[in-house]
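K.L.:
Here are the chains, one letter per residue:
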Amino acid sequence: MLVPIKALHYKDYPYFADMPEEIRERIVALLPIDLPLDLISDLITEESYWKRRSLSRWRNVDIACHGDSWKQLYFERNLSEFIESYELTKDLKKDLQDLLRLSAAYVHNINLQKLPSHLQLLLINEELQWQVHMNLSTLKIEYGDPNACMSYDIKKIGMLNSDCISMAAFCSVTHTLTELNLSSNALCDDHVLALVDGMVQNPTIVNLDLSHNMISDVGCEHLARLLNAKNCILLFLNLCNNQIKKMGTQAIGYSLSTNKSLLSLNLRLNDLGDYGGHRVFEYMMDNQVIQ
Amino acid sequence: MAPKSATKKKAKKKPLTEEEKKAKADFDALKAVEMRKKAIRDRKSAFKNAMIDEEKLSVKSMLEIHKKWRSILRIAKIKEQRDDIDWLTKNHVRQMELKDHIIGLYREQLYESEAQRRSAQIKHLSMLDASIDIHYLRTAKMEEEFQEQVKNLEDSFMTERKLMTTNFSNEKKELKDVILAMKVQAEESIYDRRQNKDIEEFNMLKITLELGVEEIERRIERTHKSYLANTEATTISFKNLVAKDIVKSHLIERRMRTLINLHENISYWRVRMVIQGKEFNKVNQKMKDEKECLLNHYTALKRLLGRIKHHERDNLKEVSRNVSDAKNHLMDKLVVAQRVLHLAKRANKLETEHEKIFPFEPLHCFNIPTVPGLVLDRELAEDETTKKSEAKMLGHSVALLVPTQFQVEPKPPEVINGKNPFHWGTYALDENGNEVEESHYMANFNKRFNKVKLDLLTIQTERNRLSEENSKLINGLQKYMDSQIMPK
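Chains A and B, in that order, are what the protein sequence lines are.
Just so you know, full-length UniProt numbering puts 106 at position 106 of the first sequence, and the rest follows in order with no gaps.
Just so you know, full-length UniProt numbering puts 62 at position 62 of the second sequence, and the rest follows in order with no gaps.
What the hints contain is simulated information worked out from the structure, not anything from laboratory work.
Here the structure is a predicted model, which means the values were calculated and not measured.
Note that the Cβ used here is the ideal one computed from N, Cα and C, for glycine as well.
Where hints are given, some of them may not hold.
Stated by the list, open to error - Derived DEER-like restraints, expressed as beta-carbon distance ranges: (1) B/Tyr111 / A/Asn228: 33 to 43 Å; (2) A/Arg59 / B/Gln116: 22 to 32 Å; (3) B/Lys162 / A/Met284: 14 to 24 Å; (4) A/Gln113 / B/Glu114: 38 to 48 Å; (5) A/Ile233 / B/Tyr111: 37 to 47 Å; (6) B/Glu114 / A/Glu81: 46 to 56 Å; (7) A/Pro146 / B/Tyr111: 55 to 65 Å; (8) B/Ser156 / A/Thr204: 48 to 58 Å.
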């Protein structure tokens with residue numbers, strides 16, 4: 001009898017105390033889906049509520065990409081959408097900070113398809129680190145313009161130098177990030193230089209995806225520097241669909257002879273040529289680790 | 001000394017005669033002419049040469065002129081072409097700049113489109129990679145499921161195999177036991193077999209006989225069945241033929257009836273043909289008679305027409321003759337009129353002043369003094385007879401005003417048989433010859449005019465009526481002719 005009343009006035013009395021599980025589940029099933037996140041983020045752990053809330057907001061969702069958790073899915077997508085729609089001109093910084101603090105415990109992956117504000121990633125890192133346990137392990141940022149259609153504008157696409165610098169700074173300070181995906185960002189050799197400078201100091205990233213960019217031989221030499229670093233723990237490196245030619249291949253291949261960590265190297269859709277391929281395989285014979 | 005001798009010779013010369021002088025003069029003249037001709041010839045040749053030289057000079061000068069003109073034109077053309085070249089170069093430079101600018105724009109657009117294409121390609125490749133990963137996962141999952149199913153099948157197969165082998169071994173044991181038992185039984189049955197052999201032979205013969213009987217019975221039955229079947233077939237065919245016969249007889253009856261009808265129709269139409277043939281022959285005969293009548297009428301009309309033509313030709317001749325006579329008469333009258341005019345002129349000259357003022361007053365004649373010694377009565381009578389004869393010739397009564405200036409008192413006109421033989425002015429006579437008063441002239445004229453007009457109107461109405469009747473008759477005849485032609 002009290003279940004519906006409790007559900008109706010949950011905002012005012014959010015605590016369950018020692019309620020039995022059945023009643024608690026019944027109350028949660030009746031809760032509205034527009035309750036403020038700051039109130040319920042820690043209190044409600046039932047997946048059914050978060051499933052209901054997620055499905056009402058997004059049609060096409062798959063919890064397999066979000067750790068099989070509806071709550072994680074909701075927080076991650078919510079945060080991604082907020083960051084994508086964030087505008088520097090409007091005074092939303094406080095909202096962003098609050099959201100980041102709320103979501104820090106539940107967000108493990110951030111997947112951004114556009115970042116028009118070119119937000120400083122250190123800010124995100126600061127707020128996420130506010131929590132004792134920062135859980136961000138996967139970061140995928142694409143500085144693009146999805147669904148542009150006829151309003152395609154080349155200036156909106158691609159990473160800027162400032163973004164690379166902030167990314168490098170972020171990489172150098174983060175302790176939880178394991179996977180970094182910067183594909184389809186029009187990265188050139190200068191960007192790669194900035195990134196490598198930051199990543200050399202990073203102790204956690206094992207999966208680096210720089211596919212579908214414009215990295216050429218000079219960028220490959222910088223990457224080779226990263227691979228040659230003593231504390232390099234990179235396991236997976238994806239460089240497909242770049243502009244790597246034989247000299248870049250040679251540089252990377254040479255680094256393979258000294259690198260002991262790399263398990264997978266993807267050089268698909270590059271202009272390696274026979275010479276580049278020959279050199280890579282030559283050096284690979286010396287490497288016992290790569291698979 | 002020579003000139004002196006020449007002069008002496010000259011002095012000794014005889015004086016020339018006339019002929020010699022003349023001959024000498026002729027000779028001199030001829031010489032002069034020859035000299036002149038020679039001079040002319042020389043001048044002509046000189047002119048010709050001058051002309052030839054002039055022509056040559058003119059040709060040369062013309063060539064020079066042309067040459068100079070060409071050089072001037074060339075210079076002007078070169079200048080014009082230089083200007084054109086300058087303009088073209090400027091235009092070309094401008095166009096090149098424009099095109100370079102356009103090329104630059106196109107290059108930028110190309111770069112943008114290339115970037116767009118690349119980004120689209122990247123997206124496509126990432127989608128492809130994602131779909132490949134999904135498919136890979138799917139295939140891995142399917143492979144797992146497949147392996148599970150294979151494992152399940154293997155397990156089930158192995159269990160079934162075990163079952164089957166145990167069953168087989170059990171059945172084998174049972175069969176071996178059965179065989180042993182059967183062997184024992186077989187030994188016991190040998191003795192019984194001999195006994196049974198005789199019985200069997202007896203039974204065999206019985207069976208063969210029975211079989212033979214059965215066979216014969218079967219043969220009989222078969223033939224009986226075949227006979228029955230044949231009879232059945234023949235009865236069925238007989239029935240079919242009977243039915244066909246009935247149907248065909250009906251058909252034949254119907255056709256006979258139609259044939260009879262056709263014969264009746266044929267006879268009817270033959271009779272009709274004969275009757276109508278006779279009728280048409282009559283009609284044709286009538287038409288032929290009509291045609292002959294019309295032909296006769298036509299020939300009569302043609303003859304009449306010929307006669308009318310002759311008559312009219314004669315009339316025309318007479319009319320032309322009358323016309324010529326009338327013309328002659330008119331010419332005579334003209335002569336007379338001219339004479340009258342001439343006399344009138346003369347009379348005008350001899351007019352008195354009173355006559356000039358009152359030209360048509362007959363009363364003044366009473367005051368005219370007579371000339372003594374002049375016998376006018378005779379002259380007047382003579383004049384009157386001549387005038388009367390002339391009036392008769394002309395056909396109308398016209399009398400001249402004859403002045404009675406030579407009579408003291410004018411005599412009143414004598415009435416002869418109620419007619420005035422003498423008139424001062426023009427007068428008219430009616431049909432009976434009686435004089436008509438002047439006041440009745442117009443009335444009489446109107447009467448005659450109206451009469452003629454009425455006659456004309458009646459003639460026109462009569463003509464219209466006759467033409468309508470004629471058209472009606474023609475239409476009736478046409479219809480009759482059409483009605484006669486249509487039945488054919």
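K.L.:
It remains to establish, for every hint, whether it holds in the given structure.
P.N.:
Verification of the supplied hints:
1. The given range of 33 to 43 Å is respected by B/Tyr111 and A/Asn228, whose C-beta atoms sit roughly 35 Å from each other.
2. As the Cβ distance of A/Arg59 to B/Gln116 is approximately 28 Å, the hint placing it in 22 to 32 Å holds.
3. Distance hint check: the CB atoms of B/Lys162 and A/Met284 are about 51 Å apart, inconsistent with the given range 14 to 24 Å.
4. Our hint of 38 to 48 Å for A/Gln113 and B/Glu114 is violated, since their Cβ atoms are close to 22 Å apart.
5. Taken as a hint, the range 37 to 47 Å holds for the pair A/Ile233 and B/Tyr111, whose Cβ atoms sit roughly 39 Å apart.
6. Between B/Glu114 and A/Glu81, the C-beta spacing of about 31 Å breaks the proposed range 46 to 56 Å.
7. As the Cβ distance of A/Pro146 to B/Tyr111 is approximately 21 Å, the hint placing it in 55 to 65 Å is violated.
8. A hinted range of 48 to 58 Å for the beta carbons of B/Ser156 and A/Thr204 is consistent with their spacing of about 50 Å.
Taken one by one, the earlier hints fail for this structure at numbers 3, 4, 6 and 7, listed in ascending order.
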